[in-house]
Amino acid sequence: MNSVPAPGVSALASDTLRRRSDLRRLLILAIAALMLITIGPVLLPTYLVNNLIRAFLYASVALTVDVLWGYTGILTFGQSAFFGIGAYAAGLIFTHAGFSPAHAALALAAGIAVSALAAVLVGWLAFYHGASPLYASVVTLVLPIVVAQILYSGGNFTGSSSGLSGFDSFDVSLEAWFRIAGAYLVLLTAAAWLFVRSDAGRVLVAIRENEPRCEYLGLNVSRIKILLLTACAVIAAIAGYAFASVQMVVAPEYAGFVFGTELVIWVALGGRGTLIGPVIGTLLIDVSTAYLSGNLPFVWKLIVGLAFVVVIVALPQGLAPLVMRMFRRGPKLHADKMALQPASEEPLAGLASAGRHAIALAGVRKHFGSLQVLEGIDFQADHGELLSLVGPNGAGKTTLMRCIGDGAERSAGTIQVNDADIERKPPYECVALGVGRKFQNANTFETLTVAESLRIARTRLRKPSMWTRAASLELPDAALRVIQATGLDQKATVQVRHLPHGQKQALELAMVLALEPSVLLLDEPTAGLTKAERTLIGQILVELTSQHRLCILLVEHDLDFVREISSRVIVLHQGRIVLDGTVAEVVESELVRTIYAGGAGMGAAQR
Amino acid sequence: MNAAALDVSQLRSGYGEAVIVRDVALSIRPGEIFVLLGKNGMGKTTLLKTVMGFLPRMDGRVSLFGDDVSGLAPHRIARKAIAYTPQEQALFQDLSVRDNLRLALADERWFARGLERVSAYFPFIAERLKQRAGTLSGGEQKMLLVARALISRPRLMLVDEITEGLQPSVIDRLAAVFKTERDGSGTAMLLVEQHVQFALAVADRYAVLKLGEIVDQGAVKEPDAESRIAGHLAV
Amino acid sequence: MAQVFDVITTAAILYAVAAGLLIVFGVMKIINFAHGGFLTVGGYSALLVTELGLNPWWSAGFAFAIGFVCGMIIERLVVRPLYARPLDAILATWGLGIILGQLITLGFGREVQFVRSPLSGAIDLLGASYSQYRLILVLAAVAVALALGLLLNATRLGLQTRAVIMNESLARGLGINSGLVRFLTFSLGSALASLAGALITPLSSVDPNMGVPWLVNAFMLVLVSGVSQLSLGVACLVLGGAQVLVSTYANPVLGGLTIVVLAAVLLRLRPQGFARE
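Those sequence lines, one after another, are chains R, D and A. So the mapping is simple: the working numbering equals the position in the first sequence, first residue as 1, plus 1. So the mapping is simple: the working numbering equals the position in the second sequence, first residue as 1, plus 31. So the mapping is simple: the working numbering equals the position in the third sequence, first residue as 1, plus 9.
Here chain R stands alone, though its shape is the one from the complex (with noise of 0.2 Å):
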């Protein structure tokens, strides 16, 4: 498993080029902000420099859920909680213990540690390993609900229902207010630019896209959205500090869900996943309803409304991308090309060895109640071994599969994998033994070019970074072989769901090598593959096994395919191994013989 010489790959400079560009024009935007910001309160009437200093903290605050949801996909109606807390530290300090620059400081560390406290708590309910996305919204919805209502049920200390007013705070002019407010906005909008287009903001949309693919790929998915929500939720606080500071006045709606649901359809009419929609979404609409509201108070939000629903029906995307298709010349965001270099390989990183066998099971068994799916299940494979599970539909070879790669599938028994108990490890740390999963069907990430695709599988070895885009990517030998032989590495920028059927597989395939794995479970590779394709995988598996000393374990029906690359065959039927030994015996075995002509004539041994 040594590192090869580079195929002949080289880096491209019109990449590198590009990148300066968007950096360029990403610092002239933010200048010329930060510009109009500096003049602002010279040239607009008061009463709209108060709105916009409100607007502006809002916007940050949609920003945040931007990232959650229009990028990461988890809808969250609980970003105001977040806000209120950082509200009401200011409030409360600054009423019941006055205003100095160290209350000031010990109010903003108040409010952000309360937030990223209730943060975390909230991430470890939402976000566990198989929680649903509606239960994970439903969680979101809980805590401003609960944090308004302990604000209203606190008596003098919170001011209940009329909050507190009248606190002492920063002695600051308006203007200079404007100008915080808005470089707040600008900064964190540049930052949070950087930050999507980056190799770790890519991961979200990885999540969002297909999260258990992510688990698979040895990422620890919640672990992710919890520092992501504790992130989000503590410049949240940040915002209802400076917001308390302000206007000098908290209350208990601030923290509540009505502008928990405001801030989400701000979002979505503006365009979730574009980040600039949502900031001028909101610095519209709320600019426009403190204008419009007085004269047509209730018409104003009905007319909110139902734009609103008709983004949702008819426009899901909002109306940001509209607006940009207007101005933009053409070329794709994700034009970057990448260059694909041969990398120091650290198979089992982290292992001592590749361990007497590459996977042991011992008893294992599952059951679904009282359905019996695997029974007594006993082998060992071993490095360099291609070893095809086969069976009629039902016999349990795909919850096998599941088995060895989830440690909390199996009902009992034991599965180790280079000589490591499995015990219950979640996916992520299976991967982390060794295992790579691929699954039946093509499962990749549909918007994700190939190259961003790959880069998302070595990020378990290699930290992505949260600001650049790395220019070059170092894959496997393994992987760069797969990527090579079907033609990956000409579309390296084509986003994945533009490929067709054969190249899905080979890029998925070329992920789940690109984690260095040691044992290699396939699930029905060559499904929907042309006759030509099949032969390509057929070589490029035992290759992986002759050659990186793979252990490959292969569920299939194709048996011709099966005949041709296997070095051992096991057969299973009704959650049983019935013959576990080589082609030609299987082949040549009056049992498996049975089994296939259909009906289970195996004597009386009947469910």
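The set of hints was computed from the structure by calculation and includes no laboratory data. Only a predicted model underlies this, so the values are computations on that prediction, with no experimental measurement involved. Please note that a few of the clues may not be correct.
Here are the simulated distance ranges between beta carbons [as the list claims (entries may be wrong)]: (1) R:Ala232 x A:Arg119: 36 to 42 Å; (2) R:Thr399 x D:Lys252: 37 to 43 Å; (3) D:Val246 x R:Pro134: 42 to 48 Å.
Quick reminder that beta carbons are idealized off the backbone N, C-alpha and C, glycines included.
Take the given structure of chain R and dock chains D and A to it, following the hints.
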């Protein structure tokens, strides 16, 4: 009426961009039992689902008794007296035997007569009407499936691997039921199977599906049919 | 003893409010966030009945009819296109709730108003003096439960609906028009919400946002019940009872949080909630 019970031409379908069924053409006459053989993963179930409207076609046409049904929703196709028995999750496990049967009928008034007919084939049904379908044995569940398909007097039945996991005695019984229905009511049937002996015993004509394509077709009573089939399905 | 009545009547009210949401969730697998809006529609239907000087006992039927019609329109226009996007369906129905609230405000004004109660005064029962109307609500909730149960279990449409709940694809393959089932279910769910709104307004008042607090409690109860009417009844008793106890012995505001917090924690520990499997 001479229109084919089922006529499929140049059918292409699959999941997402994966093509599973490639350019399949076949034709089933009214009152004939046609068996589609093939090993797992060859596209048999995909073909049935496409005919029944669950999967969109990528190309080709499907017509039933002369009507082009390409693109119709499954429930409309079912209402044309087509009975579909899927391979998996084919029964409502928590509903009673009686309710499972009722759901197959468009009009409840036919229930009594229909029940009489199917109970003649499978007497246990009349005795277990109130039992939850999920508590029946595997063989009984399959028989219930056949009963459900027959109770609505379909013109065409699409049956996906009914013999899987069944004892020989039950398989023989089903074969007899199918043949009696064909002879007595003129019901056409498309049976998807891997059980070659059963197929030969029951069907009039056959086709073999391999990697989504038809590689062999013919009449079952042709002298070399069995050996040809065995050749295609060899392990 | 009055406390026992409190628990029972609270459970009954919660059941009446949540029943419509339950069937929509079961059949369509979405949480209808417009449910709160329909509750408000029901409340204002009752107000209309009061203003028109009609017998207040008419409000229930009146509200039911209006809710049904609104539900039909909304299902067709908004919910149907979002069949494949459940999270977006939540958002769209929330937007609808806002629209309903605003339309009502435009029509009736935003002040809190009062509805004439069909039955007032207290009755002596088992040693406690208790509001008659609240006790009637228990009967109403039981009637709703029975009617719904009969509809689902004793009619052909109910059987088809249960089939769609269990396995929509199989149902379609047997000839059941699942689109129609969804349409009718949503309309019925909206009608039930509206009915519940009319039933609860005599207890307090109507205002354009009255539905919102009920919405959150209702959907937490539904999530915790799976798709079973029986589970919903159990959930209403257990969680509703907890709410009453916390409100009485601790703090009424915290009491309002009980259902929501307990349900969230319960779901975390046991994702099926009170349901059997």
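Here's how the hints hold up against the structure:
At about 39 Å, the beta-carbon gap between R:Ala232 and A:Arg119 stays in the expected band of 36 to 42 Å. Hint check: R:Thr399 to D:Lys252, Cβ distance near 39 Å, so the stated range 37 to 43 Å holds. Checked against the given bound of 42 to 48 Å, the beta carbons of D:Val246 and R:Pro134, roughly 44 Å apart, stay inside it.
Every hint from the earlier list agrees with this structure, and none is contradicted.
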